[in-house]
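Novice: Each chain, letter by letter, is given below.
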Amino acid sequence: MPITVMNRSFGALEKAQRIGLEIAAPAADAVDRDARFPTEAFDALRAERMLGILIPTEFGGGGCSITDVSAICTTLGQYCSATAMIFAMHQIQVACIVRHARESRFFSSYLAELADNQSLIASATSEIGVGGDVRSSVCSIENHDGSISLRKQAPVISYGEHADSILATARRTPDSPPSDQVLVLLRRDELKLERTSGWDTLGFRGTCSPGFVLTATTTEDHILPATFADISSQTMLPVSHIVWTSLWLGIATAAVGRARAYIRAEARKNPGKTPAASVRLAEVVSRLQGMRALVNDSVRGYESTMDDADAASGMNFAIRMNNLKLSCSTMVVDIVSQAMLICGMSGYRMDSKFSLGRLLRDAYGAALMINNDRIYSSNAAMLLVSKDD
Amino acid sequence: MLLSSRPESDAVRNSCPKTSADTAGVELDFVQGETRMVDKIRDTLRQYARLNRDVSAISEDADLYACGLTSHATVNLMLGLEDAFQLEFPERMLRRRTFETIANIRESITELTAGQPTGRS
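Those sequence lines, one after another, are chains A and B.
Heads up: the first sequence runs through residues 1 to 389, numbered per the working numbering.
Heads up: the second sequence runs through residues 1001 to 1121, numbered per the working numbering.
Derived from the structure by calculation, the hints contain no laboratory data.
Quantities reported herein were computed from a predicted structural model and do not represent experimental measurements.
A couple of the hints might just be wrong.
[To be verified] Covered stretches of chain B (chain A as the covering partner; in silico rule of three or more C-beta atoms under 8 Å from a C-beta of chain A):
id, stretch
1, 1059-1070
2, 1075-1087
3, 1093-1105
By construction, the Cβ of each residue, glycine as well, lies at the ideal position given by its N, Cα and C atoms.
Just chain A, same shape as in the assembly (with noise of 0.2 Å):
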């Protein structure tokens, strides 16, 4: 089990570790099945208060680190993959907020409030009409004497119907061009979803992220001072891919798990004769050591990197948020498919101890969250001009 060196965390790994065990697992087929929020997993998390772990302590939080936040998000995923993606989308909101808007007086309340109430954050960066593009907005923040408004088509609202508020991009003014964007913080009695699509998807099926028609009315001091350009490249980007790539690794840990006990329960069976498959274990392992290097590496180079504005918006760091992201969206499929082999008819069965159906539908959800091709062909524009490996 991947245990990173925690500092402040309270025992908070310890407890995603029991949370995960006890609640999110033994929901975990039913949430997936049923394509409904891991309500359980989110009581418990909430009782315990890890929504708000990464909140300074300043403000009654947790005082967490990101590095704290990886460990748990890869914990939570070896149990459930919803609930650590849902946890983990509410810490990269979180983060933004900490690290972007702590400062205005309308934040630091918030944040004194959402560390109290462990309130759940969702995001609206996605639009219909950008292509994809979360650095492009079609909607626009309108206002009319510091009371704002504003109307956005997005096509997926992960956990928006289970969210106590929303962090929605917009371009800024009615006049602004789409990469002028803001951050603005929508509260649940501020916006109405009008929704517009269902979520019936191979994996991550309790993350429960239909379209909808997103309207809200609220006052200008809700909108984050920083620009959406310095929170996206600063925090964002390498928060998102560094918490999800986290739970991936949960996830392949999972399978890798199951591959375990597989082989040794077949050792079991016939003492004295190695089983044949137990090589591709030797070799899924060793591939599953190599993603959490890759994680671990990438969580110190945000840490270490974070607190220096130039070169968190550098394009150096965000080819190599980039690529973190790209290669664990590849070597999740990889380790779960490799375990499949290992596992056999056992792996495939869907009422088998070691079914491995769910992880690996999961798993291909990886490449698709921000589209690998996408992160290839920006990658390879900053490398037109970038120098540095």
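Following the hints, put chain B in place on chain A, whose structure we already have.
Specialist: Just chain B now, kept in the frame of chain A:
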């Protein structure tokens, strides 16, 4: 450090339509060199930056990102500037801030061409 150093939205909106900075009172050769450089930067912007307004009407301090410069166009702008001024931007300059305003671009190019004539004319 955590907060953006970019100007407020009103400042951005107001500064975009202004014309070139007033350069009176500075030594003549220097002024001419600077003006030539800024003209060349504007030509490159016109060619590659795909801004949503007339490049001649953008002040040197206006936020180019607020004028529609995207990350993708920034790469083309860099390549265009590298070709126009026969230089290479080192990795430390591959930052959003370097290309945020015409003035920032001018400063970076001045630094890179220090001791040399300012590019080909």
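Novice: Mind listing which of the numbered hints don't hold for this structure, in increasing order?
Specialist: Hints that this structure does not satisfy do not exist here, as all of them hold.
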